[in-house]
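A.B. asks: With the hints as constraints, model all of the structure from the sequences given.
These protein sequence lines map, in sequence, to chains X and V. The working numbering puts the first sequence at residues 1 to 153. The working numbering puts the second sequence at residues 1001 to 1286.
Since the hints were derived computationally from the structure, they do not count as laboratory data. Wrong hints could be hidden among the right ones.
Stated by the list, open to error - The calculated lysine-lysine pairs, modelled on DSS-like cross-linking and capped at a C-alpha distance of 30 Å, are:
| id | chain 1 | residue 1 | chain 2 | residue 2 |
| --- | --- | --- | --- | --- |
| 1 | X | Lys110 | V | Lys1093 |
| 2 | V | Lys1131 | V | Lys1098 |
| 3 | V | Lys1117 | V | Lys1105 |
| 4 | V | Lys1208 | X | Lys36 |
| 5 | X | Lys153 | V | Lys1232 |
| 6 | V | Lys1147 | V | Lys1068 |
| 7 | V | Lys1098 | V | Lys1048 |
| 8 | V | Lys1266 | V | Lys1160 |
| 9 | V | Lys1147 | V | Lys1005 |
| 10 | V | Lys1117 | V | Lys1005 |
| 11 | V | Lys1105 | V | Lys1093 |
| 12 | V | Lys1072 | V | Lys1147 |
| 13 | V | Lys1068 | V | Lys1131 |
| 14 | V | Lys1232 | V | Lys1266 |
| 15 | V | Lys1253 | V | Lys1095 |
| 16 | V | Lys1266 | X | Lys36 |
| 17 | V | Lys1072 | V | Lys1095 |
| 18 | X | Lys110 | V | Lys1098 |
| 19 | V | Lys1232 | X | Lys110 |
| 20 | V | Lys1147 | V | Lys1232 |
| 21 | V | Lys1048 | V | Lys1131 |
| 22 | V | Lys1095 | V | Lys1117 |
| 23 | V | Lys1002 | V | Lys1105 |
| 24 | V | Lys1202 | X | Lys36 |
| 25 | V | Lys1253 | X | Lys36 |
| 26 | V | Lys1093 | V | Lys1253 |
| 27 | V | Lys1117 | X | Lys110 |
| 28 | X | Lys153 | V | Lys1098 |
| 29 | V | Lys1131 | V | Lys1095 |
| 30 | V | Lys1147 | V | Lys1002 |
| 31 | V | Lys1160 | V | Lys1253 |
| 32 | X | Lys110 | V | Lys1202 |
| 33 | V | Lys1232 | V | Lys1253 |
Quick caveat: nothing in here was measured; it's all calculated off a predicted structure.
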Amino acid sequence: MSNKYEEAFSNTFLNVMPQFGIESVTLERQTECGSKIDAPGVVCIIGVTGDLHGNVIFAMTDECAKMVASSMMGGMPILEFDEMAQSAISELGNMLAAGACTYLEIMGIKADISTPTLMHGDFVVQASFEQVTCLEMRINDMHFYIYVSLERK
Amino acid sequence: MKEIKVAVVDDSPFSVAMLTNMLTENGFQVVGSANNLQQAVDVVAKEKPDVVTMDITMPEVDGIECTKTLHKLDPDLKVVIVSSMMDDEIIRKAKRAKISGYVQKPVDAEELTLTIKRIMADEELFAELDKLYYTVFKEALSDTFNKFFHAVPEYRDEQKANIEQTSRGISSVMGIIGRYGGRMILDMSTDTASGIARTLFKIDQPTKEHIINVIGELSNIIAGNACSLMNKSNPLFGLRVAPPTIVYGELIKISNSELNTVTSVKADTTFGEIYMNIGFNRGECE
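C.D. replies: So, in structure tokens, the structure goes:
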């Protein structure tokens, strides 16, 4: 089942990334997936409450995280997914979720977000609800996944 | 509210005089002024103001860089940008530099007064939360364990430091939303989680689903109860929790977050060690 509010997340992503000089951004696919998510390397979890309740999970490979972090820092080369890069990705998660909330508000849906929690490594993420929408975004030749696990209150 | 001490940093003597008069007339105590970075450092070190009004265009370094230097001296210092220039780029930079507010020139006395008063009232509220949250979350964890297992955990290694953690095997992340955003993490080994699930489900071999379910529910109860208690203490906190996200696997690194306050503690339970980490952010500037 597709809900209109998911476009708030993909559209925010499409608007935000070019601000960091990443021009090649598309929404490749939108699928319904189960609640069990294999983390590709880096995951940023943000809680949501309000008219919508649940979590948004941004997931990407280490390579993608380093590329995005580098673009966010004006092209500064990033070899390791170090503290600086982690901080940038947390900030990105925050910006994307906050941006989506602004977008939702225009649609008449009020939602507030928690601070982001960033995790990296080799693990599985169990989302809070059975139904999760995966927005598969493509940046250059890499994938960036937005998992929307939200319910209308 | 106590008298608020303000220092004015602006390269223009005219602006310094105007802002000083405006602030004094509105009941603030102007403790000093500065026209450049060195003078700003000196006035903050000597007079210890609560708030600094900061021009963006300054000789040598700009107001954002000047703020970063002052924050090294006093991380709690509140900085209000007072500048004729105000665009998205400046606001973005200001947010990153933890600037508390901005007022555009020509300055409206009422706007400046309200901005400073709001920042200081918020400071008091955040200080109240900071004093309270750790005890309340620890109590909620103890209460939950006492009710379910008739045993209260012993706590050790309380830490205020915000450092990267390696997960013990399974982590529950609860987003907290309200006047201040935050999050709670409960982390434990699979054995510990399994023991809890065995006891609560009264089965010998709990499945992964049982374990995830139980850890999610426990986190929900602990964070939910803690936030209710916080709201009872002061309704202005308005805290609510998002549902838990459970993370499990061979290698999980929990990054240190950019939180204004964070406390972690290890709880020794009859099932094993549980690591609890709670943190809050002051939030965005006005």
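A.B. asks: Compare the structure with each hint and give your call.
C.D. replies: Evaluation of the provided hints:
Taking the CA atoms of Lys110 of chain X and Lys1093 of chain V, the gap is near 27 Å; set against the 30 Å cutoff, the hint holds. Distance hint between Lys1131 of chain V and Lys1098 of chain V is fulfilled; the C-alpha atoms sit about 21 Å from each other, no more than 30 Å. For the hint linking Lys1117 of chain V to Lys1105 of chain V, the alpha-carbon distance of about 18 Å falls within 30 Å, and the restraint holds. Only pairs whose Cα atoms come within 30 Å are accepted, and Lys1208 of chain V paired with Lys36 of chain X is accepted, the gap being roughly 12 Å.
Straight-line distance between C-alpha atoms of Lys153 of chain X and Lys1232 of chain V comes to about 23 Å, which keeps the hinted pair within the 30 Å bound. A hinted pair counts as satisfied when its Cα atoms are at most 30 Å apart, and Lys1147 of chain V with Lys1068 of chain V does not qualify at roughly 48 Å. As the CA atoms of Lys1098 of chain V and Lys1048 of chain V are separated by approximately 18 Å, the hinted pair is consistent with the 30 Å bound. Distance hint between Lys1266 of chain V and Lys1160 of chain V is fulfilled; the C-alpha atoms sit about 12 Å from each other, no more than 30 Å.
Pair hint Lys1147 of chain V plus Lys1005 of chain V does not hold up; C-alpha atoms about 49 Å apart against a cutoff of 30 Å. Restraint check: the Cα-Cα separation between Lys1117 of chain V and Lys1005 of chain V comes to about 11 Å, which is no more than 30 Å; the hinted pair holds. Distance check on the hinted pair: Lys1105 of chain V and Lys1093 of chain V sit about 18 Å apart at the alpha-carbon level, within 30 Å; holds. For the hint pairing Lys1072 of chain V with Lys1147 of chain V, the CA-to-CA distance comes to about 46 Å; that exceeds 30 Å, so the pair is violated.
Pair hint Lys1068 of chain V plus Lys1131 of chain V holds up; C-alpha atoms about 26 Å apart against a cutoff of 30 Å. Simply put, Lys1232 of chain V and Lys1266 of chain V have alpha-carbon atoms about 26 Å apart, close enough for the 30 Å limit, and the pair holds. At roughly 27 Å between alpha-carbon atoms, Lys1253 of chain V and Lys1095 of chain V fall within 30 Å of each other, so this suggested pair holds. Note on Lys1266 of chain V and Lys36 of chain X: the hinted pairing holds, with a Cα-Cα distance of about 28 Å set against a maximum of 30 Å.
At most 30 Å may separate the alpha-carbon atoms for a hinted pair to count; Lys1072 of chain V and Lys1095 of chain V meet this at roughly 16 Å. Of the supplied pair hints, the one linking Lys110 of chain X and Lys1098 of chain V holds, its CA atoms being roughly 26 Å apart against a limit of 30 Å. At most 30 Å may separate the alpha-carbon atoms for a hinted pair to count; Lys1232 of chain V and Lys110 of chain X meet this at roughly 24 Å. For the proposed pair Lys1147 of chain V and Lys1232 of chain V, the alpha carbon gap of about 21 Å is at most 30 Å, so the pair holds.
With a C-alpha separation of about 22 Å, the suggested pairing of Lys1048 of chain V with Lys1131 of chain V holds against the 30 Å cut-off. Of the pairs offered as hints, the one joining Lys1095 of chain V and Lys1117 of chain V holds, with about 19 Å between alpha carbons and a cut-off of 30 Å not exceeded. A C-alpha spacing of about 27 Å is found between Lys1002 of chain V and Lys1105 of chain V, which places the hinted pair at or below 30 Å, so the restraint holds. Taking the CA atoms of Lys1202 of chain V and Lys36 of chain X, the gap is about 25 Å. The hint holds against a cut of 30 Å.
Distance hint between Lys1253 of chain V and Lys36 of chain X is fulfilled; the C-alpha atoms sit about 19 Å from each other, no more than 30 Å. Distance restraint check for Lys1093 of chain V and Lys1253 of chain V: the Cα-Cα separation of roughly 29 Å lies within the 30 Å cut-off, and the hinted pair is therefore satisfied. In summary, the hint linking Lys1117 of chain V to Lys110 of chain X is supported, as the alpha carbons are separated by about 28 Å, within the 30 Å threshold. A C-alpha spacing of about 34 Å is found between Lys153 of chain X and Lys1098 of chain V, which places the hinted pair above 30 Å, so the restraint is violated.
For the given pair, Lys1131 of chain V sits about 25 Å from Lys1095 of chain V by alpha-carbon distance, which is consistent with the 30 Å threshold. For a cut-off of 30 Å, the pair hint linking Lys1147 of chain V to Lys1002 of chain V is broken: about 43 Å separates their Cα positions. A distance of roughly 18 Å separates the Cα atoms of Lys1160 of chain V and Lys1253 of chain V; the hinted pair therefore holds under the 30 Å criterion. At most 30 Å may separate the alpha-carbon atoms for a hinted pair to count; Lys110 of chain X and Lys1202 of chain V exceed this at roughly 41 Å.
A hinted pair counts as satisfied when its Cα atoms are at most 30 Å apart, and Lys1232 of chain V with Lys1253 of chain V does not qualify at roughly 34 Å.
When held up to the earlier numbered hints, the structure conflicts with 6, 9, 12, 28, 30, 32, 33 and fits the remainder.
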